[in-house]
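Fit chain B to the given chain A structure using the hints.
Chains as they are written, first to last, in numbering that gives the first Met the number 0: chain A, 0 to 331; chain B, 0 to 920.
Source of the hints: derived by calculation from the structure; they are not laboratory data.
All C-beta atoms, glycine included, are put in the ideal place defined by N, C-alpha and C.
Any given hint could be a false lead.
Stretch-level coverage of chain B by chain A, calculated; a stretch enters the list once three of its residues show a Cβ under 8 Å from a Cβ in chain A [as the list claims (entries may be wrong)]:
1) 315-325
2) 511-525
Pulled from the structure, derived: some chain A residues nowhere near chain B, Cβ distances all over 10 Å [what the hints assert, rightly or not]:
3) 167
4) 282
5) 287
6) 326
With a straight-line cut-off of 27 Å between C-alpha atoms, the simulated DSSO-like cross-links for lysine-lysine are [stated by the list, open to error]:
7) A:301 to A:236
8) B:430 to A:306
9) B:48 to A:302
10) A:93 to B:430
11) B:430 to A:76
12) B:224 to A:302
13) A:301 to B:430
14) B:110 to A:93
15) A:320 to B:515
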Amino acid sequence: MTQRQVAMVIDLNKCIGCQACTAACKSLWTDEPGQEYMLWNNVETKPGPGYPRYWEEGGGGWNEAGTALNPGVLPLKEDHGEEIPLNFDEVYFKGTQEILKQEREMGKGANYDEDTSSGDYPNNYHFYLPRLCNHCTKPACLEACPVRAIYKREQDGIVLVDQDKCQGFRECNKACPYDKVYFNYVTGKSQKCIFCFPRLEEGVAPACARQCPGRLRFVGFLEDKDGPIDKLVNQWKVALPLHPEFGTEPNVYYVPPMLPPRFNADGTFDEEEPRVPLEYLRSLFGPQVDESLATMMFEMEKKQEGKSSELMDLLIAKEWKSLFGIPDVKVA
Amino acid sequence: MDGSRLETNRRRFIGGASAAVLGLRYGTVAAQDSSPSAYRRWEDVQRNKWTWDSVARGTHGTNCTGNCAFNVYVRNGIAWREEQQGEYGQSESDVPDYGPRGCQKGLRHAKYMYGKQRVLYPMKRTGGRGEGHWERISWDQALNEIADKFIDYNVEFGPRSVSTQLGTQMVLKRASFAALGRFATIAGCEVPEAFAGVGDLPIGVYMTTGVPLLADTMAAVFKSKVCLIWYCNPAVTRIPDAHFFWEAKYNGTEVIAISPEFTPTAMHASSWLNPKPGSDAALAMAMANLIIVERQFDPAYLREQTDMPFLVRQDNGKFLRETDVLGTPDARDNLFYIWDEVSGKMLEAPATGAPKPPPGSMVPVMNTGSLKLEGIVPALEGEWVVNGAEGPIAVSTVFMKVKAECQKYTPEYVSEITGLNPQVIVDLAQKFGAADPGMIFSGYRICKWLHGDLMQRAFLLLLSLTGSLGKPGGGLQIWNMPHEADQFAFMFSNLPPTLRIATMARWDYTHADHKKLNQQMYGNELAEHVDEYFEKSIENGWFPDYSDVKWKMGIYSGSNAANWRASGKRWRSEAFDQLETIVVCAPDMGMTAMYADYVLPVAHHYEREDFMLEPRTPYVQVLDKAVEPLGESLDDFAIYKAFAKAISERAKARGIAPVEDNFMGMPVTRDFTAYYDQFTMGGEMQTNRDVIQFLIDHNHGLPQVSFEEMAARGMMRNPGTETVMYDTDSPYGSTLIQAVRDKVPYPTLTGRQQYYMDHDWFMEEGETLPTYKGPLSNEGYPLRMLQGHARHGIHSTWRDDSLLLSLQRGEPDIYVSPRDAEERDVADGDLIRVFNSLGEFIAMAHVSSSMQPGMTFMYHGWDPMMFRGRQNFGAVVSTAGLIKPTSLVGGYGHVTYRPLSFEPNATFADFTVDFAKYTGE
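Chain A on its own, in the form it takes in the complex (with noise of 0.2 Å):
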């Protein structure tokens, strides 16, 4: 363990899929040359094949032991989509050409299946997932980088590629079960989210967070007694990481999806069965999944009969401020 672990608790009962987390890195850190496919963030439409495409089904992480790394696939670049000019100049100012399109087909992008929903209407059902590098306390990536281009700080467990040391072997690429280490074709070394670790040096949230209009991305340490992220994921228990099962013990947490009730046949609300299948939900946050969703169900419930909820309170976050517990927070 380091000395302290940053962390970060995504509420998805909260988020809108606006993509506004996406574009804020991307601004900020990803707009170079070789960097136009990467998004260190991004949200995609769940259940569906995410971003890049399959990036579940490629293996990666730890065995079940949690003694050596699993096999792990290279993601391909053409999974991943990519951000291409338009052809304005053709079509608005030379009259070259008839209309307006991207400069060459982009195919399935990073977000092809935005809203597709899954079963059959009018009980059919989809979400949004954020996603950025989980800052692993067993990171697969640093595990399997042959030269030790990988390390996890001291300070706040943010796990980086130093860009001096990489030599691009990729191996972190594969090794990653969440995909979510990308590899520059410019700079020919593997880049990644770096928890906008300058800001957070500064005391400001990172890009992502701080600029979530949703209000829904916690941020701070886990050694923080009754800090917000403790609150969620030790006493509340109702943040839980992504795939547990990849075995590299995730820093971010998800408040797992609570959509409306489903029909029956005759049109009447089914009160029994869950909108999002929970074998579904099971499969994505682990089996704590079925108390996560009790718990909220059982606060909202105390909150509408007027009584007080702590977590409650806690989600709903009066003070914006009140998401971040970094130590001298700055918003500004």
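Coordinates of chain B only, in the frame set by chain A:
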């Protein structure tokens, strides 16, 4: 799905190969950074990336109305990136704060504004319209040539032959809008009004309350107990506001989404109801019926605030008026009666019968008195015979009529219309009836239906019955607008108030032969019916006649009209291309600019100063100049100032005499040589900042500070706007608080929330009361096509941003249900032809089970330039000629032509389509 299986197989194949590579393991390395304080050069490289030279406050002055406070970071003279300012602080102690308002579009702007779609210098068309061939010209040349044409049209055809069309890129920037309004006032141009023009005008709300717009800040949503998000999708369309709904849900509010499709809003709602498209009024009427039957309504509220106790004659269905009772020549036709339960007598309804305003007044009714019921109890139910001038008259009440109308809407009957289970309807009515108060959060989408006014009236009926309208945390939430005192002061300073606003639906009807369009799309009977009333409304003098003058010149400022006008190509050929001269002032190219004869470059959001006021937040928001305008672009004020100067100079040089004009009977002299002097108020207004300060000084709802101070802070709290409707000290409309709290009569014919319209035309149309009328269809085309504001664009702005396109499908897509796709042998990702009797367009099928079978859905705003054949969704929107007779009524109290309040609202939703796999190319 086959596609995904193939991809998975490929993945597995590669996976097998890669496992072998992994056999060469490098051994376990320590999972820790052994030297935490070790200096790593590359970390500094990253730290240096997050640095900048200067910061400016700003926002995006486009028509998303988000009003989000941003910091714009400038590096090496370039707007490098933006980040939400965020720190709003809690506006009230018991509601979440507004930070950090923003969205992905705003966060793309620093990149987008340097995109190759920017207009950098004045351009003159050299090829055919739409061909994209231009000659770069100087500002002087452009303005002089345009000024000469402007003068020529004015002299030959009069000022009305020129139209200035103000689009959503600039109307919300208050100084910009004021400047354009002043120019139009000086020049007497026709200004086609885009509020009703885009189908946003809630005329049903106006009919009922005397004001078109009702809404509070988002704090009201957090305070609501039951919130019906009805035919509205704020998770997509109100990104910075959406959190309040889910936070309200966490706080115990029941948030119920009602929409045919499973929207991103429904995803997070407490429950979701899925009525068939266009059936919403029937659902509301069924709920109203149950609330009446279960006696969950609020009689005291109805007696005081509504026309429900007003007496209605049983013989002719008209209100009982003083003219009926006295029959004397001076008897008033706006004095009404109630039956008092206390005295058992008929009494004059309080606060009715006030003198009517003089002809030409800005307001159609001027009610006086108080709604307060001093010791009387107006009966809601009963039948009486009263003495009339010509004998006894049998009367009952409006409430009795409402009750009878509602009785038709049994849960079983409405179940057939909506497809909802009857018990679900009963439960919803029960829940809403018990809510104290109830809220309906809707938006402009309900205004797009031909019978949207009836939906609004039915929604309002529910809210009035439950006494929710005008109570904190309740009521109808559509939209609100700031009081325009500051802008009108600027537009009309030292000028006669001759701003010539035109109704788009009526202008197009006259000049683009929409009678013929109606005949072709909906048959002779409907076409003749609309036409009969249209002509009669002109004969009666209820609406101006546009047929005598046709526009020769159109000046489009920040307007991408060719993107969204209904009927697409037909409008472009019948109306747009008929203009002899088209001038487009725009920051970015688009379909409209492609048709222009002159394109003039406008400064973008980070290159200019201005400020905005929007009702969902209690803050005034500044746009400050972060960087100099790109290329030769200028702000709107600078452009119109230069244009006014060119007109004056050319008129002097050419010796052009003044033109005599007539504005609604008022003679006005248009002296071109004086335009510059008039526009600048004798030279006082030299820069956009002068305009801004003028507006601040004339807007009492704003903090009275200098623009410099405002700009330094970015956003400032407005006094008294937290719950917009409830505070008379706010810069927003406060009709409801004045009525509900202070008992000031509503600005309606009856001085009440008016549910009964006894005008002959409402009677002939069967619309005296809220009721349900189904949407129109195109015969032979089975699928309803719904539209809505997009997640990844604000109208056409940012729709062509390369990152945002990469987060969609890279080209326009349309959502279809799996059943409808399968029946047409269409798979997800196929290109399809979407067509009806008007036309067709081609888009990618996005197959999703979130769609109700029988409907398709397309986010709007995709520019025609992005479609094969340059035909976007407008190609199938056959509704352009649909005008309701009831929207052409005049002289009926408040129901009379009033721009932005009462005029025909353009229809966009009443059409159907079919689709098939596209096999071209």
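Inset, instruction - Would you pick out the hints that fail for this structure and give their numbers low to high? - result: When the structure is compared with the hints, numbers 1, 2, 9, 10, 11, 15 turn out to be violated.
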